[in-house]
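Peer 1: Letter by letter, the chains look like this.
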Amino acid sequence: MTASMTAGSGRAGRSGAHGDGAGAPVGLQDLSRSFGAVRALDGLSLDIAPGELVALLGPSGCGKTTALRIVAGFEAADAGSVTVDGKDVSPVAAARRDMGMVFQSYSLFPNMTAADNVGFGLRMRKLRSAERQRRSAELLDMVGLSPQARSYPHQLSGGQQQRVALARALAIEPRVLLLDEPLSALDAKVRLQLREQIRALQQRLGTTTLFVTHDQEEALSMADRVGVMKDGRLEQVAAPDELYDRPATAFVAEFVGIMNRVPGSLLGQDQVRALGTVVPVHGAAPAGPGGDVDVLVRPEGLQVAAQPGGNGIVTSRTFLGSVTRISVRLSGDLTVKVDHPSAAAASMTPGESVQVSLPAAAVLVTGRR
Amino acid sequence: MAAVASAGQAGPQAPAPANRPAPHGLRFPVWRWAILLAATAYFLIPLYSALKFAGLKAFPDIFRQSGFISAMGLSLRLALITTILTLLLMVPTVVYVHLRLPQIRRMMEAITILPIVIPPIVLIIGVLKVAPGFLLSTPYLLALLYVILAMPFAYRSLDAGLRAFDLKTMVEAASSLGAGAPATLWRVVLPNIRTAMLSATVLTVALVLGEFTMASLDLYQTFPVWIVNFEQNSGPVSVAASLFALFVTWILLMVIVTAGSWSSRRRGGGEVALFTVVRQDFGQTPGEPG
Chain F
1 MTASMTAGSG RAGRSGAHGD GAGAPVGLQD LSRSFGAVRA LDGLSLDIAP
51 GELVALLGPS GCGKTTALRI VAGFEAADAG SVTVDGKDVS PVAAARRDMG
101 MVFQSYSLFP NMTAADNVGF GLRMRKLRSA ERQRRSAELL DMVGLSPQAR
151 SYPHQLSGGQ QQRVALARAL AIEPRVLLLD EPLSALDAKV RLQLREQIRA
201 LQQRLGTTTL FVTHDQEEAL SMADRVGVMK DGRLEQVAAP DELYDRPATA
251 FVAEFVGIMN RVPGSLLGQD QVRALGTVVP VHGAAPAGPG GDVDVLVRPE
301 GLQVAAQPGG NGIVTSRTFL GSVTRISVRL SGDLTVKVDH PSAAAASMTP
351 GESVQVSLPA AAVLVTGRR
Chain R
370 MAAVASAGQA GPQAPAPANR PAPHGLRFPV WRWAILLAAT AYFLIPLYSA
420 LKFAGLKAFP DIFRQSGFIS AMGLSLRLAL ITTILTLLLM VPTVVYVHLR
470 LPQIRRMMEA ITILPIVIPP IVLIIGVLKV APGFLLSTPY LLALLYVILA
520 MPFAYRSLDA GLRAFDLKTM VEAASSLGAG APATLWRVVL PNIRTAMLSA
570 TVLTVALVLG EFTMASLDLY QTFPVWIVNF EQNSGPVSVA ASLFALFVTW
620 ILLMVIVTAG SWSSRRRGGG EVALFTVVRQ DFGQTPGEPG
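So the sequences go chain by chain: F and R. Position 117 (the first sequence) corresponds to 117 in this note's numbering; numbering is contiguous. Position 270 (the second sequence) corresponds to 639 in this note's numbering; numbering is contiguous.
Just so you know, not all the hints are guaranteed correct.
Said to hold, decoys possible - Far from chain R, some chain F residues (derived; all Cβ distances over 10 Å):
hint: 1; residue: Ser45
hint: 2; residue: Ser90
hint: 3; residue: Ala93
hint: 4; residue: Ala95
hint: 5; residue: Arg97
hint: 6; residue: Asp98
hint: 7; residue: Met101
hint: 8; residue: Gly121
hint: 9; residue: Arg125
hint: 10; residue: Glu138
hint: 11; residue: Ala149
hint: 12; residue: Glu242
hint: 13; residue: His282
hint: 14; residue: Arg368
What the hints assert, rightly or not - In silico lysine-lysine, DSBU-like type, Cα no more than 35 Å apart, as pairs:
hint: 15; chain 1: R; residue 1: Lys537; chain 2: F; residue 2: Lys126
hint: 16; chain 1: F; residue 1: Lys87; chain 2: F; residue 2: Lys126
hint: 17; chain 1: F; residue 1: Lys337; chain 2: F; residue 2: Lys189
hint: 18; chain 1: R; residue 1: Lys498; chain 2: F; residue 2: Lys189
hint: 19; chain 1: R; residue 1: Lys537; chain 2: F; residue 2: Lys230
These aren't lab readings, by the way, just hints derived from the structure by calculation. Owing to the predicted nature of the structure, the values given are computational and were not obtained by experimental measurement. Backbone N, C-alpha and C define an ideal beta-carbon position, used for all residues, glycine too.
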């Protein structure tokens, strides 16, 4: 990849009604959409602040793409509304919504050069040829593709095509930028580079952005806030660190990052016994006192120590740099993953007996699976 | 006629297998040569016989025969009108079906095959009985009928062309950039199915220049009708005219195919084949070069 963000490249002369650096606030109010018997969206509500990047994250079929397409104007909601700058845009055609979009599949027009692709939206806005060319060149420079201005899409790599698509979406100075899994067709290295570039550009231009992905790493690394969706509903919308550290539901906890399920039993509403330790319960307990529950705890939330006659046997270990992830079989088919400082993990080899325990921190509990 | 429908995904940079045999020379098996020779003989011997029967001297005489110019002119006009009508009718229809009604594509395929199933003689007799007088009095009624005859070929060419590129995403991308339906059709869709449109044109022109039954029953002297009528006056000149028609049609098709393929290849598009569009990749290569 060529130089990603050229220092000399300025903004593409934003002169729209929103003013410099000001993205528009976007609101999704109680959106519902069904396809036959399938309920793709079930009362989805979300507010996006001006200039904010919000990622919708969820498994296939959770409704995230449907939500994006409704915002773009490619689908109509059965109920609910979409507002931009406080105005309901539901009756406005996609072509008049002033939203830039980057698609999952390569969407450059094959009959146009990179520069013509970038200038297409400007042409639709009746900008004169000279101005169009100037702006196209500026945007291509911004994504580091000036040398490819006269190349046709089939002469560009996948990563380059998506960067041209990004420049094309930004060229129209959109009120809202919509990203529909734009990185999923790319290989890992290019994906990482492009995701950093998209985030840097978005922050520089201050464009309100809605980003749909099924890749949690992408969502957590790029977004100001991440909305985790399930069955057409938002389970939780929060900043990435909050989502990881304080998941609101068991689904979010298990969908985001790696999560262990350890059997436990409730002692009252706010305490649970697991791995021989009594710890406080975070949030609402799903059962009454004495009820069997699963305690959800991340690998870094468990402690492990080599101990003959301990409660588990090491089955495997994976070196991850400063920590080593150790898989421990506790009993029967219950295996947990524990992160342990690599410097102290030398003795924990497969077959060794270890003691796994819970520190005295609040844990999330859920119904027994 | 090439009739290869390919949705080949291999990018232009896809490395060839190291042990891939050379696609020429002695590796071409003997039985393939035998079939090729038999097929060549099957097609060329009648042409050679016709040429020998007519003699080269008969060719200049074609242009001096009465009715030749007007018959050829009528056929060319009909080919032009039919092609325009076919494209005007079929392009928006096929695009609309692909975009909005993909579920009826199978039904469309069945409907568009009907003109092949129904004999032209049935079609023309029915039409001549019910057509209004102002249409019966003009040869251009034939153009309307030829549109129906060309429909199976035009539909399949355009359908293959639209399958070869991501129409829905292109249309949505254009729409998100502010393009209305006419601008999207004109600037995005049509340039990308130009190869398919050329295929449809080639097939339509070939069909019109060779159609005899309907023109004969409608009592208009198109070029094929003229050849048959003239045969009674002069066998050699009539055969020379047939060969001339074959040659002209072939040249016309080659010009369209070559021009279409050259223009399309420049943009990484498909080759013009007479039935379908052989897809080339629009840059599926993951990652960055170098």
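Peer 1: For every hint, state whether the structure bears it out.
Peer 2: Structure-based check of each hint:
1. Ser45: Given that every Cβ of chain R is farther than 10 Å from that of F/Ser45, nearest at about 24 Å, it holds.
2. Ser90: holds, 16 Å
3. Ala93: Violated, because the least Cβ-Cβ distance between F/Ala93 and chain R comes to about 8 Å, which does not exceed 10 Å.
4. Ala95: At roughly 5 Å from the nearest Cβ of chain R, F/Ala95 sits no farther out than 10 Å, so the non-interface label is violated.
5. Arg97: The assertion about F/Arg97 is violated, with a minimum of 8 Å to chain R.
6. Asp98: violated, 8 Å
7. Met101: The claim is violated: F/Met101 sits with its nearest Cβ about 4 Å from chain R, within 10 Å.
8. Gly121: violated, 4 Å
9. Arg125: violated, 6 Å
10. Glu138: holds, 17 Å
11. Ala149: holds, 16 Å
12. Glu242: Its Cβ never comes within 10 Å of chain R, the nearest being 32 Å, so this holds.
13. His282: The claim holds: F/His282 sits with its nearest Cβ about 42 Å from chain R, beyond 10 Å.
14. Arg368: Its Cβ never comes within 10 Å of chain R, the nearest being 43 Å, so this holds.
15. R/Lys537 / F/Lys126: Roughly 24 Å separates the two Cα atoms, so the pair holds.
16. F/Lys87 / F/Lys126: Satisfied, since the Cα-Cα distance of roughly 25 Å is no more than 35 Å.
17. F/Lys337 / F/Lys189: Holds: F/Lys337 and F/Lys189 sit about 28 Å apart, inside 35 Å.
18. R/Lys498 / F/Lys189: Outside the cut-off at roughly 70 Å; violated.
19. R/Lys537 / F/Lys230: Satisfied, since the Cα-Cα distance of roughly 27 Å is no more than 35 Å.
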